[in-house]
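The lines below spell out each chain.
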Amino acid sequence: MSNVSEAEIRAEVREWLKANWNPERSLVEWRNMLADSGWGMPQWPREWYGRGLPVGVARAVEEEFAAIGAVGVAKSGVRLLAAATLLEHASDDIKKRFLRRILTGEDSWCQLFSEPGSGSDLAGATTRADLKGDFWIVNGQKVWTTSAHHADYGILLARTDWDAPKHEGLSFFVIDIRQPGVDVQPLRQMNGHASFNQVFFTDAKVPKENLVGKVNEGWKVAMTTLAHERRGADGLASPSRRGPRVGRIYAEERAELEIANQPYTWYPQRAGRVDLIIERAKETGANRDPNVRQEIARLMILARSAEWTARRARATQQQGRPQGPEGSLGKLAASHVARGCSRVHTMITGTAAMLTGSDGPRDGIIAEILVSVPAVSIAGGTDEIQRNIIAERVLGLPKEPRFDTGPFRNVRRN
Amino acid sequence: MSRSQQANQESARRVRFAFTDEQEQFRAAVRRFLNDKSPTTEVRRLMETDTGYDPSVWRQMSDELALPGIHIPEQYGGGGFGMVELGIVMEEFGRSLLCAPFFSTAVMAAGAILNAGTEAQKSSLLPELARGARMATLALTEPDGDWDPGKIETVAARDADGFRLNGTKSYVVDGHIADLLIVAARVAGTSGREGLGLFTLKADAAGIERRLLKSMDPTRKIAQIQFRGARADLLGSLDTAAAAIERTLDQAAIALANEMVGGAQTMLDSAVAYSKLRVQFGREIGSFQAIKHKLADMLLEVELAKSAAYYAAQAAAVEDPEWPALACLAKAAASETYLNAAANCIQIHGGIGFTWDNDTHLWFKRAKSSEVFLGQPSYHRELLMQRWGV
Ligand SMILES: Cc1cc2nc3c(=O)[nH]c(=O)nc-3n(C[C@H](O)[C@H](O)[C@H](O)COP(=O)(O)OP(=O)(O)OC[C@H]3O[C@@H](n4cnc5c(N)ncnc54)[C@H](O)[C@@H]3O)c2cc1C
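In the order they appear, the protein sequences are chains A and B.
Using numbering that gives the first Met the number 0, the first residue of the first sequence is number 0, and each one after it goes up by one.
Using numbering that gives the first Met the number 0, the first residue of the second sequence is number 0, and each one after it goes up by one.
Simulated from the structure, these hints should not be mistaken for lab results.
Hints may contain errors.
[What the hints assert, rightly or not] Here are the simulated lysine-lysine pairs, DSSO-like style, with alpha carbons at most 30 Å apart: (1) K213/B - K367/B; (2) K275/B - K219/A; (3) K398/A - K275/B.
[To be verified] To spell it out: a stretch of chain B is covered by chain A in this simulated footprint if at least three of its residues, at any positions, have a beta carbon under 8 Å from a beta carbon of chain A; those stretches are: (4) 267-281; (5) 288-300; (6) 303-310; (7) 327-340; (8) 379-387.
In this text, a Cβ means the ideal position worked out from N, Cα and C, and glycines have one as well.
Given only the sequences and the hints, what does the whole structure look like? Please build it.
Given below as structure tokens:
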């Protein structure tokens, strides 16, 4: 199958869309058709709602959908991170119960990894899960959990063995977070939004069969999630959809996104809004200042180079060659671009950079950029952690000496 | 033409993000050749000579690999490839710091002839350059070091059988050994872009005085050339010269950017290798975060600059309308990256990095000379803004 040419796949998907796409269908009905046909996640295996196509070709399918404005599977939030992890590590029973409803958008998900005492050092989690009969009983606290207030399920990393070394006593679960033992409290961020939460577990219950992978082998599973998270942070946009977007399905999708995207309205600002830089320089007249011109050029060089690096990584993969180091740099590059934007937007805006909301330039968007960018280099693994990973895994530099070996019970922690 | 043919043409014109398998094989062949012919011991030997290159290696790279004509169309005796393949060659040369009159002959001179020459001139001049039988260079910048062709002051005076040149050119790459000179000059009484022309003459013609300049980077030598009434032929026409010069400079900037990312990669590799070897405080220095993070940042910078250099070459190859702006982008990006990589490589080596015996300074000096050659990064950033209409 993977030897089929891109042109043939394009022809095939076009034909399928012609026969089946109809904007008057209900969203869930349509997405079920995508799951059945495999066209919603073409890079997934055939037995699990995909078509087993190489990633590069899957991109072509996405373009064909966009060309006629066809709606795809639900992708917002962390649902696809969760799905990718389940696909790789979960039992068939779990896949059967959860994957389809992820794609149809009927369930939404959150990532329950970070804790007050362990963020970069995720393997230091102290939220505990203890097996009692047919259930794992969960106690502890997670934090910075984006979208937990809208989520139905979470992927949870919890400690199941305190005498094993740190990385060998963790297990990975699917937890229903709409249950009495789970309490979700929103947290207000420095930019005024509240998209993340603290989540408290008091004797919350996880059925035995919701263990993903084996007991005490949860770290390996979590690494899959994190790898997908880093890879997804390359900042490349999906192909934009064409067509008029009228019909029942679009109305339903809009309603869905209004809720699902609410925690993410500020995410474009968090990435720095490089798209506004040149426009703003022209509209403010800052483009006449030679210093500002130099800084704009620097930033645009960085931003374009980062985009090309991400495309290079994809193109190499598309050709079936192993990716070089360019595949691991997207997240760190995106951080540099965002910080550069924040600096240059300030230079362009000058004194008015102090003003927010309706008093601020662009109806407060510029100010929102300035107070949202600091999240980029923290969320999903800090810049420092990215550099450690790049240095050790890509450049092969020696690991740092460790102070957290031996039974976890005795390891120093917050 | 059918719809599908049209679509095919359209996609062939789209800028590519990955090298083809053939291009990768070509790169590997060039690299093998350089590993063999241009180890650092050879670089060190050649940089101490006046000519600065090894004629037998130049011959082999012409005869065996046909490199000097790689981007020259087949009808003029070249290989018929384009900017992308030229970029690959340059990147590999930058990696090994090859000492050879390639940038002068193939990139600058052949580029100027291709962009400015008449059919007859291209047919008579290019085959010898493509074969490596003659070396040539482009004399453009003057002692003021300005890269804006509008600032050229050398004068070409028309006489009965051609033109006579008067003026001084500086920063002429391989100007001391080139057989053929291509000189940018202006008709007396003109200014700015008006009245510019490109002229060719043999380097041993009467009225030429050449002097090797004392320069920081001994691996790429530069000369000053004085013209006192030297007889020269017009290359192409006066009307199109300004545009041809600009195009030549833009292509040269892309070629140089590719060379620079090759050099930067060598600096990164060298710094990584040393940091795995050197032990202080009972551990490899590469296990210290200060070093790790510096190297991770270097890798990021080098990969970003590669993306810029590769993309600019791909865009130029398909004549994407944005390519001249991207030449500025790539030159600015690669210049800063190369210099940072070289400076960091010295830093990571500690004291030994500052010695003559350690090889790092050879790349550092090439980085420094390349940073300002064809215009420094701030110049290209400003030009980029202008070309983007900001
Ligand atoms: C907007 C946003 C959304 C988020 N969403 C989620 C979510 O949905 N689910 C979830 O689980 N988490 C989420 N997070 C949490 C995020 O992953 C963590 O905040 C992050 O990994 C850092 O952990 P920490 O906050 O505990 O900081 P710490 O780990 O305490 O780090 C503090 C500082 O120390 C540095 N540091 C730590 N270790 C090292 C080291 N080994 N070497 C060098 N420096 C080091 C860090 O780089 C940082 O500068 C979110 C965070 C943000 C900001």
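Status of the hints after comparison with the structure:
1. Restraint check: the Cα-Cα separation between K213/B and K367/B comes to about 15 Å, which is no more than 30 Å; the hinted pair holds.
2. A C-alpha spacing of about 27 Å is found between K275/B and K219/A, which places the hinted pair at or below 30 Å, so the restraint holds.
3. Only pairs whose Cα atoms come within 30 Å are accepted, and K398/A paired with K275/B is accepted, the gap being roughly 11 Å.
4. Coverage of the region 267-281 of chain B by chain A holds in this model, with 3 residues showing a Cβ closer than 8 Å to a Cβ of that chain against a need of three.
5. Check result for the region 288-300 of chain B against chain A: holds, 9 residues qualifying (beta carbon to beta carbon below 8 Å, three or more required).
6. A count of 7 residues in the region 303-310 of chain B with a Cβ less than 8 Å from any Cβ of chain A is obtained; the coverage claim is therefore met, three being the minimum.
7. Evaluation of the coverage hint for the region 327-340 of chain B: fulfilled, as 3 residues show C-beta separations to chain A shorter than 8 Å, against a requirement of three.
8. Restraint check on the region 379-387 of chain B versus chain A: 5 residues with Cβ-Cβ distances below 8 Å, three needed, restraint holds.
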